[in-house]
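Enquirer: Residue numbers (the working numbering), protein chains in the order written: chain C, 1 to 278; chain U, 1 to 278.
Hints are supplied without guarantee of correctness; some may be wrong.
Chain copies aren't distinguished; within one or between two, either way the pair holds.
Only pairs whose alpha carbons sit at most 27 Å apart, straight line, appear in this in silico BS3-like list of lysine-lysine [what the hints assert, rightly or not]:
(1) K145 with K186
(2) K43 with K208
(3) K186 with K129
(4) K216 with K2
These are computed hints drawn from the structure, not numbers from a lab.
There are 2 protein chains.
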Amino acid sequence: MKIIDGKKISEEIKAELKAEVKNCFIKPGLSVIQIGNREDSNKYVSAKQKAALEVGINFNLYHYDETADEREIVNKIKELNNDEYVDGIMIQLPLPDKFNEKKLINLILPSKDVDGLTDRNIGRLVTNKDPLTSCTPLGIIELLKRSEVKIEGKNVVIVGRSNLVGKPLMHLFLNENATVTVCHTKTSDLKKMTLQADILVAAMGNPKFITKDYVKEGAVVIDVGINTINSGLCGDVDFDNVSKKASLITPVPGGVGPMTVTMLLKNTLKSYNLKNSK
Amino acid sequence: MKIIDGKKISEEIKAELKAEVKNCFIKPGLSVIQIGNREDSNKYVSAKQKAALEVGINFNLYHYDETADEREIVNKIKELNNDEYVDGIMIQLPLPDKFNEKKLINLILPSKDVDGLTDRNIGRLVTNKDPLTSCTPLGIIELLKRSEVKIEGKNVVIVGRSNLVGKPLMHLFLNENATVTVCHTKTSDLKKMTLQADILVAAMGNPKFITKDYVKEGAVVIDVGINTINSGLCGDVDFDNVSKKASLITPVPGGVGPMTVTMLLKNTLKSYNLKNSK
């Protein structure tokens, strides 16, 4: 068994991005909109800011109080859409209930939608047009490629069908010519399906749910879960137990997590390059 | 074994649509843009016209010569987008090579895109927002529901990952809580996958490819193929042979085919109702 070191791979990618940004005539810019004061959101936003500055991307945070008027946010998005120094715009999710998440996201110009969450970019992903794509799924494919895992022709089983991970990931795997199965809470015989996976992705948000009984000998196991339990953070995979059976496995923390932020920077640079190649 | 009679089910739906259209204050309108003179396209367009008139939907065909200027088509689409008597707009595919299919399709207002092919509507399908959806996949789900096939929790295997059928269909099945596997030319052991299907969809365009060796005893088999061979039309399923094993099966012709046109009318009425409920 070998551990896929997401932290190390993400450092490598950031070094590549940094070298590329150095050659940019104008610095690429990333703007983040945050509403409210969730502790986890604060932490994620800081991590993004730190990483952006590390590679030389301009970072702007627009932080609003929960009491903010939705029109104020709408105007800010429009302003950022028109700002030529802004290459990437993202809204830190989840938003407080009173805001219409989907509506606000879809106001972002698809060419600046570095989180890949606008309907148009999701549609373009389905038809394999290489749009800006959701960062966690993108990070998973990158982890596999940099670990020299062959994807074409492999049986991939994804457990979880969220809009943020499971569904976009399924299309990325299909575009890489994998045979893809998506399982979820309504799947009748989950074990039967996961035991056939050459590459198994656990993305359902259920601490240590995937035990070794769910995993084929020699499978590659990707753990997307981030759960807080008494003893700290853990994933959706029972690492100690599954790692004895898997050929490759991502830990939590230090697996998929660090890749998400790095892919956000990569998307920002992609948006910048597309703009400047026009 | 029971045959799913797509012709009969589609007549039932048309009767329902006709009754609904009768109560419309203004008649719903469907506009079709055709470029060139492909024999198959002529046939499909006539079938759409006939069906539209049958249920009382206004039908307009804008037929252009292959030598037409793309700007002319662009202007027509814009005109139809703004025409309040037009509820549905579709472009008959495939277009002659010199036209940019994807670009033209994406000019159609999503609320009038009755073929469900704009990036925005595909994106909304992925996130389960019940948009106007591609007619063939929609027809397949309707066939199953009207044949009282339970979908939730079933293993669905789709062979073929086209943008028109396989990919949108996968999301419709996921939204119905099926466990979905998508197979294609790069799948390593196709037989192993299809033999696990409770519901098997053949949509790869390969005449009679799916023989009984690919089908589990008692499976429901949906044949989307329309292939022309010496002896006439046939599907992707070897009907004579597979029908002995399947519990339910669609024939070709007379299975999925008739549903596609009917769903186009249903989408036109859906678009009309959405407009008038605003």
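Enquirer: Determine for every hint whether it applies to the structure shown.
Expert: Status of each hint after checking the structure:
1. K145 with K186: Cα proximity of K145 and K186: across copies only (18 Å, versus 31 Å in one copy).
2. K43 with K208: This pair counts as within: shortest intra-copy Cα distance 24 Å, inter-copy 56 Å.
3. K186 with K129: between (31 Å within a copy, 20 Å between copies)
4. K216 with K2: Intra 15 Å, inter 38 Å, cutoff 27 Å: intra-copy only.
The earlier numbered hints are all upheld by this structure, with none contradicted.
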